[in-house]
Amino acid sequence: MREHDQDYVDACRSRVESQIGMFREVAQAARDHGDADVSGLEGALESLEYEYFNNMLLVLDASFPTPDAGPGTAVAEVRALSRSLMEDGGTLAVDPEDPDAPAPGGGVLGLRAGDPITLTLQQFRRISDAFFREIESRTARSDG
1 MREHDQDYVD
11 ACRSRVESQI
21 GMFREVAQAA
31 RDHGDADVSG
41 LEGALESLEY
51 EYFNNMLLVL
61 DASFPTPDAG
71 PGTAVAEVRA
81 LSRSLMEDGG
91 TLAVDPEDPD
101 APAPGGGVLG
111 LRAGDPITLT
121 LQQFRRISDA
131 FFREIESRTA
141 RSDG
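With the numbering used here, letter number 106 in the sequence shown gets 106, and the count goes up by one each step, no holes.
Read the hints as simulated data drawn from the structure, not as lab findings. Yeah, the Cβ is synthetic: ideal placement off N, Cα and C, and Gly gets one too. Take these hints with a grain of salt, some might be off.
Said to hold, decoys possible - Just the calculated beta-carbon pair ranges, DEER-fashion: (1) PRO96 - GLU42: 37 to 45 Å; (2) SER14 - ASP98: 30 to 38 Å; (3) THR120 - SER14: 20 to 28 Å; (4) GLU97 - VAL26: 39 to 47 Å; (5) ASP7 - LEU41: 33 to 41 Å; (6) LEU41 - ASP5: 24 to 32 Å; (7) GLY114 - GLN28: 29 to 37 Å; (8) GLY70 - LEU48: 15 to 23 Å; (9) LEU48 - THR91: 28 to 36 Å; (10) GLY40 - PRO96: 39 to 47 Å; (11) ASP98 - GLY40: 38 to 46 Å.
Build out the structure end to end from the sequences listed, making use of the hints.
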């Protein structure tokens with residue numbers, strides 16, 4: 001696995017936190033806008049949330065290219081989700097021959113092959129936190 005220095009990891013985590021904060025601010029501002037017809041607002045925000053955090057997952061994956069994710073890891077789960085978003089129309093596709101493929105219903109998010117990938121803020125937070133913990137543990141091992 002390619003190692004990343006802690007400054008790079010910290011900068012990436014900071015960008016993720018900033019993006020999460022911006023999403024929350026925009027969603028709250030839209031909900032607080034009292035003088036507009038907001039009948040379709042929640043549905044629109046839900047669609048935006050899925051698209052936004054699916055795309056954030058792709059950015060997270062691209063920020064840490066690694067040749068080996070390791071079976072059962074959050075890094076492997078992010079790889080499988082990203083690959084499915086890019087190649088399988090947003091439906092989780094798991095190659096049973098891939099030694100790094102997440103177990104059905106396992107991993108951080110518990111998704112199974114065939115499930116749609118529609119990440120919420122909370123799901124993205126869980127998978128990105130687990131992802132960063134793994135990346136940081138690998139970084140700490142390479143530093144020490």
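How does the Cβ-Cβ distance of LEU41 and ASP5 compare with 24 to 32 Å: does it lie in that range? For LEU41 and ASP5 the Cβ distance comes to about 43 Å; the hint is violated.
Just to be sure I understand the hint, the distance between the Cβ atoms of ASP7 and LEU41 should be within 33 to 41 Å; is that true here? 40 Å, holds
Does the Cβ pair THR120, SER14 satisfy 20 to 28 Å? Given a distance of about 22 Å, which is inside 20 to 28 Å, the answer is holds.
Go ahead and decide if the range 30 to 38 Å is satisfied by the Cβ distance of SER14 to ASP98. Because 32 Å falls inside the window, the suggested range holds.
Distance restraint hint 39 to 47 Å, applied to the beta-carbon atoms of GLU97 and VAL26: This hint holds: roughly 41 Å between Cβ atoms.
GLY70 paired with LEU48, Cβ distance criterion 15 to 23 Å: 33 Å, violated
Cβ-Cβ distance between GLY114 and GLN28: within 29 to 37 Å? 34 Å, holds
Take a look at whether the Cβ-Cβ distance between GLY40 and PRO96 falls inside 39 to 47 Å. Check passed, 41 Å falls within 39 to 47 Å.
Has the hinted range 28 to 36 Å been met by the Cβ atoms of LEU48 and THR91? 20 Å, violated
For the hint 37 to 45 Å, verify it against the beta carbon of PRO96 and that of GLU42. Holds - the Cβ-Cβ distance for PRO96 and GLU42, about 38 Å, lies within 37 to 45 Å.
Regarding ASP98 and GLY40, is the given constraint of 38 to 46 Å on their beta-carbon distance met? 40 Å, holds
Violated hints, listed in ascending order, are 6, 8, 9; each of the other numbered hints is respected by the structure.
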